[in-house]
Amino acid sequence: MERPLTQNIIPGSAALSLDDYRKNGGYKSLGIVFKKMAPAEITNLVKASNLLGRGGAGFPTGVKWSLVPLEGDRSKPNYLVCNADEMEPGTFKDRYLLEGNPHQLIEGMIISAYAIQAEKAYIFLRWAYKKAEEILRKAIDEAYKAGYLGKNVLGSGFNLDLYVHSSAGRYICGEETALLNSLEGKRALPRTKPPFPAISGLFGRPTVVNNVETLSWISHIVRNGSDWFKGLSLTPTGGTKLFGVSGKVKNPGTWELPLGITVRELLEEHAGGMLPGHKFRGALPGGASTDFLVEEHLDVKMDFSTVAAAGSRMGTGTMIVLDDKTCPVAFVHNVERFFALESCGWCTPCREGLPWVEKMLESIEEGTGKMEYLDLLKFNAKYFGPGNTFCAHAPGAAEPLQSGLKYFYDDFVKHITDKKCPWR
Amino acid sequence: MLAEEEIKEINEEIKQYPYPAVACIDALKIVQKHRGWVSDESVKDIAQLLGISNEEVDGVATFYSRIYRKPVGRNVILVCDSVSCMIMGYESLYEYISKKLGIAFGGTSTDGRFTLLPISCLGDCDNAPAMMINNDHFNRLTADIIDELLERYK
Amino acid sequence: MSLEVNMVKIRIDGKYFEAKPEKNLLETCLSIGIDIPHFCFHPALGSVGACRLCAVKKFRDKDDTKGRIVMSCMEPVTEGLMISVEDPEVKAFRTSVLESLMTNHPHDCPVCDEGGECHLQDMTVMTGHNYRRYDFPKRTYNNQELGPFINHEMNRCIQCYRCVRFYRDYAGGKDLNVFASRNHVYFGRHEDGTLENEFSGNLVEVCPTGVFTDKTLKKHFTRKWDLTNAPSVCVHCSVGCNTIVSERYGSIRRIMSRYNGAVNGYFICDRGRFGYEFLNDEKRIKSVQIRSKKADSLQIIENEQLFTSLNNSELNSKKIVGIGSPRASLESNFALMSLVGKENFYHGISEREYSLTKTISGFFQHSGALIASLKQIEKADAILVLGEDLTNTAPMIALAIRQAARNVPNQEAKKKGIQLWNDAPVRELAQDSKSPVFIATLFKDSLDDVAEVTFHSSSEDIANLGFDIVSGLNNITTDSKTGKKDHQELAGKIAQILKNAKNPLIISGISSGDKAILHAAINIVTSLESVGSGVMMSMVLPDCNSMGLALLPGKSFQDLFILEESHRIDALIVLENDLYRRADEESVNKLFEKCDRVVVLDQLMNKTTQKADILLPAATFAESEGTIVNNEGRAQRFYKAVGNKTQVQESWRWIGELISNRDNNQTDKWNLLDDITESMAIELPLFSKLRKYSPDADFRMLNMKMPRQTIRYSGRTAINANISVSEAKLPQDPDSPLAFSMEGQNENPPSSMVPFYWTPGWNSVQAMYNYLDELDGRMKGGDPGLRLFEQSTGSKRDSLEYNNQKSEVRKNELKIVPVYQIFGSEELSAVSPSIIERIHEPFVFLNPKDSEFFHLSDEESVILEILNIKLNVKVKIENSIVPGQAGLSVNLPGMPYVDIPGTGKFHKL
Ligand SMILES: Cc1cc2nc3c(=O)[nH]c(=O)nc-3n(C[C@H](O)[C@H](O)[C@H](O)COP(=O)(O)O)c2cc1C
Ligand code: SF4
Ligand code: FES
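Protein chains in written order, with this note's numbering: chain Y, -12 to 411; chain S, 8 to 161; chain V, 5 to 913.
Certain hints may be false.
[As the list claims (entries may be wrong)] In silico DSBU-like pairs for lysine-lysine, Cα to Cα no more than 30 Å straight-line:
no., chain 1, residue 1, chain 2, residue 2
1, V, K70, Y, K180
2, Y, K266, S, K77
3, V, K142, Y, K401
4, V, K13, S, K51
5, S, K77, V, K142
6, V, K222, V, K142
7, V, K383, V, K62
8, Y, K63, Y, K22
9, V, K611, V, K598
10, Y, K407, S, K106
11, V, K598, S, K51
12, V, K178, V, K219
13, V, K222, S, K22
14, Y, K180, V, K62
15, Y, K407, Y, K365
16, S, K40, Y, K10
17, S, K77, Y, K312
18, S, K22, V, K178
Please keep in mind that the hints were generated in silico from the structure rather than gathered at the bench.
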């Protein structure tokens, strides 16, 4: 089983150094690119590979790049931004790549920047990732010194400056357009789309935002081709994916596995199954903003379309497991509180609906809930669902809520009728 | 008044952007790094340095959770209260710290040593429960570890 | 909507409509008259999609029965668009939005100033949200003290973000913002303090709830439905914004903006909104008064006594003189002119003002130049401001320029396929790029932030820059007037940009008091026209009817001093004018000494009224009907909001009575406003157009007058019960088709006759949508007002002389230039208590170098001597004023008239 992204990362030890990265073929793709490929060819290659964005939405990366106009006014730079905000509860995959193999990301960014003719690139890094920040800054320094960054990269005539911007803490900064506002030093409110960032992004210039994992793929695809990439997954999508499991499992962690492995494999083979004395009740398959999958879904294949067909979302591929010793109402309440607190406050359904939901859940959990709340919760889950809000934050919150109500309805009812939490 | 050092660092940030106002968040973080928090006075100083209004700076400052607009203790403990840590029992851990320091979330110990705050997911879910003290990460926490950590930070 | 090319066909709930593709769906529906609830959208601010209330269903095609929810404000109008407003699912969604917005609302409508004209109330009813299901404690906020104009009550906020979008994005204010996030967002200032922006009052109308309300109204609060209203025109500067004046119990309660698509659109400035309180001033002149010889004081008398005491021979005399006023109506000035005869009629303005104003009015009348309305100013794509501190002399022009500054970046947005109503992306794309705006003024201005280049210099340099631009336009490079290379280069650049622009605009005026600046501006216009440019111009004048007065025959006030040196005057009649603001004290005193009898018509006591032998209570704009002509030559009519119960009446009516009386009641001079309009039309051809420009007094809709009061007006029978229990007779208004009543016909009144906005379902100001052809467009039936000057092309003009001697300034002296203030420099508004709180003490702007030279420090009090007049002023150190020149605040309350620009020197205290 190939693990291109992580094969050189040794958990628990220091990040891959520039030398070690080079020894394993690192920065070779740069040579290929600058010698043989026009920007549009790279984009076409990535398109052909069918690399889907690993930030959660699964949008085809090559298609995104192809929207960037390469002609036109070049008096101001185009921008490439790496989304390393990773703040969704239950998600910890990008940190693994950032702390383990920074040069893989940097090389990917250089190639991507060249493909969209961006002369400035930012890594928008989560505030809390202090270790990753240190590692990245060091790696960027090395890359500048080695001539991979700065003026006239490797004599190609292409210039690229790469900065790390550490955030000031807000989940919404991960939403790609809110991220751009934040990079501009403003409140991180999401922007209207269209126009997409590829047309008007950072400082009004064409911009591409991609996830860490997405960008980490680019050098591999350049070196090995699109067919190789496609062959990596068990499904037609292409590529491996970083999966993670947290919760009451024997062996929580992160693994690079082919797209298309089943939930069961992930849980039982890699995460080692449930802790003794704990039973599986369900899981959010791709971070807090995805719908619950339950027992009946254990054989669902972990890929964008297959998870969607099961009524949830692939999201970030990092799974949060709900066990029978954990109160599902408390679980949902915790997640909804997170979303309520992290709402940017721009649009009504999210700003007003989420705190209401949070209050009702709290009340149910504490045993003061009313039966009417159940309908009101359902109503709200629909109210701030997809299409009704300005960005995807609140619709993300709707997913664990609506599916939690669907699969654990009896537990909600029991809280209300018993006037207390059965788990306390 | 901003210290020379702070002004220097902020000016350094301004260089990478097309106009000074972009450095607003960086400036707030720099001031907070030096002073622990951002006072009304500092908001005005930053505004002046960046050539924008107090309102513009404060609008940004109050948006971000990791900019403190109220004084904090010498050390800030950030306990992850998100779902994986909840499953893994952050609540009892919080109660433990809270009892030990005599403060709840949002509080600062009377000796000014610690401020206790919740933080959402630290990206350490596979090693939950997790927390930060200042810029340092800790995970797989137990009461023993906590005891040791609270001793370590003065 | 009229059919135009490029219209597209859309289907709304099964019906087909023609629509303009450059509009969004929400504006389109509102223009058609389909009510879609909304909050965050405002026609002047565009769409941002925040509130989610304007949701409609959109269908892919005829076969799509499910559809999906979209926000109509964010939906482009495209051919074949199919939507439903009535779809049950989307209706339910809109109700949900209201329900959740109301979860934290305090439900304090009974004690809320917005109650009864609240957009939130309207939307609650419109969406059908009735019962609360939220049963948790509400979030609460602390309020802020925001100064004398605006009251703050944050708990009522529904977070539509309109306030900050208006204040910051539209009006360029900096000291209001949104703080915090999630359901804790807070709209206010960083800390308590006065909102600084000159347009802050519009928050009252822009805010759809009671967060920002009119603090002056609060002092004498009245519900909207209890107000008696009239369409009016602002009298506090020369722009002539349209307003609604509202009355209850005989006092004026507030001023709101009244939509005029060609003039002020939705907004007015704070001087216009809050300056009204002079109307309620205790010192208002309410009765006829006559000087008793014995007591040498004024005694109140009855009207009849007045006519017996006035000697007819006096009024018949050749030695009678009338002094008109730029703040009195056209009709009143004309009446006075008729009484005293053209040869004895003087414009009550300083010589300097007279000649500069005449230059402008003459140019406007004869040049055929394109004089820009405010709306047209907003369309300019390159602007030169020469010598005019617009924020302080014509605030709404400054606001219009701020919008014009977006035109060039807007073109970029269009190229990228971003529709202009899509506000946030348009701004994000533009970043800080702007249309070229060049501001050449004596010192900094709060409009400077939109300028590509600001040129703060001496008045000579500004004029020279202007003349160099002329040279640049005429491709003459040799005779630089500035003599400074960088100035000349700048002039060249400006000339080039103006020449290349599609709709360049030149703005100047007379506040600098500098003839050369004015001539330069006019010559730039002439030169641009000669190269085929579609150049527009705008000229700022000092008073609300400066232009109207300028269009009447008459001599300058100064001529009076010279002419009558040895003559005595039998009767001097002063019309609504404090002469001590127009000339130095000594000269005015001398003039009064020469008069046997002084008749003064005015509204407030001032130094001139104190000289009156006979004082007549002249109606203000709020108690009268009349016409004023704004700076673009637009005649606009105002109507009374208060029925006269006292002796107060229009000056033209007083004068008419004087004439009738003089003529032994042989003539019944001007019973109605229409009569005097007719006289004017006959006598002065320029005004012949006025005959038809607004409905005659006998105009009726369905045989009825139009009501000034809403149908819910309360207390008509009991309002005066404390005085008399029998129902008082309603005040009559023979001059207009408006009635002092709640009865009448108020659907679709003529555009100039809209006393308040109300249509079924819309109690808030948003009701105005239904009075417009289309949102942001013209009022139904055309915008009110009539332009007196026509644009014509091809008229050849000579350029004006260049005569810019350097003023002689000796050592230890400075050139003193005038500094106008939005709050304080205008006579009437400066009496209003809320405005008074914003007025500075008399001051002088001084460059740091000069302050050093004269050993003066900031805030120091000092005596400034100009032409023997000594003024006690405070020093304000101001970097933007050039050394050698100092700026003196002018016309502030208590300041004497000084003829500047001139030279002055300091005496230490
Ligand atoms: C509320 C919200 C938070 C998000 N947070 C992240 C994040 O932390 N990291 C990330 O890569 N994408 C995040 N996304 C998705 C981004 O908007 C965007 O789709 C992604 O960065 C694109 O990268 P990709 O195409 O490489 O997946 C978030 C989206 C939403 C709506
Ligand atoms: S859904 Fe609305 S309020 Fe929530 S984060 Fe997105 S834009 Fe902000
Ligand atoms: S008016 Fe359309 S979302 Fe607010």
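Query - Given pair status - K312 (chain Y), K77 (chain S), alpha carbons within 30 Å - result: This hinted pair is violated, its Cα atoms lying about 39 Å apart.
Query raised in the report: Given the hinted pair K77 (chain S) and K142 (chain V), is their alpha-carbon gap at most 30 Å?
Result: Holds: K77 (chain S) and K142 (chain V) sit about 24 Å apart, inside 30 Å.
Query raised in the report: Holds or violated: K178 (chain V) with K219 (chain V), Cα cutoff 30 Å?
Result: holds, 21 Å
**Report entry** Agreement of K611 (chain V) and K598 (chain V) with the hint, judged by alpha carbon distance not exceeding 30 Å
**Finding:** holds, 17 Å
Requested in this report: For the pair supplied as a hint, K407 (chain Y) and K106 (chain S), confirm whether the alpha-carbon distance does not exceed 30 Å.
Outcome: holds, 25 Å
Requested in this report: Measure nothing beyond the straight line between the CA atoms of K180 (chain Y) and K62 (chain V); if it is 30 Å or shorter, mark the hint as holding.
Outcome: holds, 17 Å
Report task. Verify the proposed pairing of K63 (chain Y) with K22 (chain Y), using a straight-line Cα cut of 30 Å. Result -> Holds, at roughly 25 Å.
**Report entry** Given hint K178 (chain V) paired with K22 (chain S) - CA-CA distance at most 30 Å
**Finding:** holds, 24 Å
Query raised in the report: Going straight from one Cα to the other, do K407 (chain Y) and K365 (chain Y) come out at no more than 30 Å?
Result: holds, 21 Å
Query raised in the report: Within a Cα-Cα threshold of 30 Å, do K222 (chain V) and K142 (chain V) meet the stated pairing?
Result: It holds: about 26 Å lies between the C-alpha atoms, which stays within 30 Å.
Requested in this report: Below or equal to 30 Å on CA atoms is what counts here, so check K266 (chain Y) against K77 (chain S).
Outcome: Given that 30 Å is the threshold and the Cα spacing comes to 44 Å, the pair is violated.
Query raised in the report: Is the Cα-Cα distance between K142 (chain V) and K401 (chain Y) 30 Å or less?
Result: Within the cut-off at roughly 28 Å; holds.
In summary, the numbered hints that this structure violates are 2, 4, 7, 11, 13, 16, 17.
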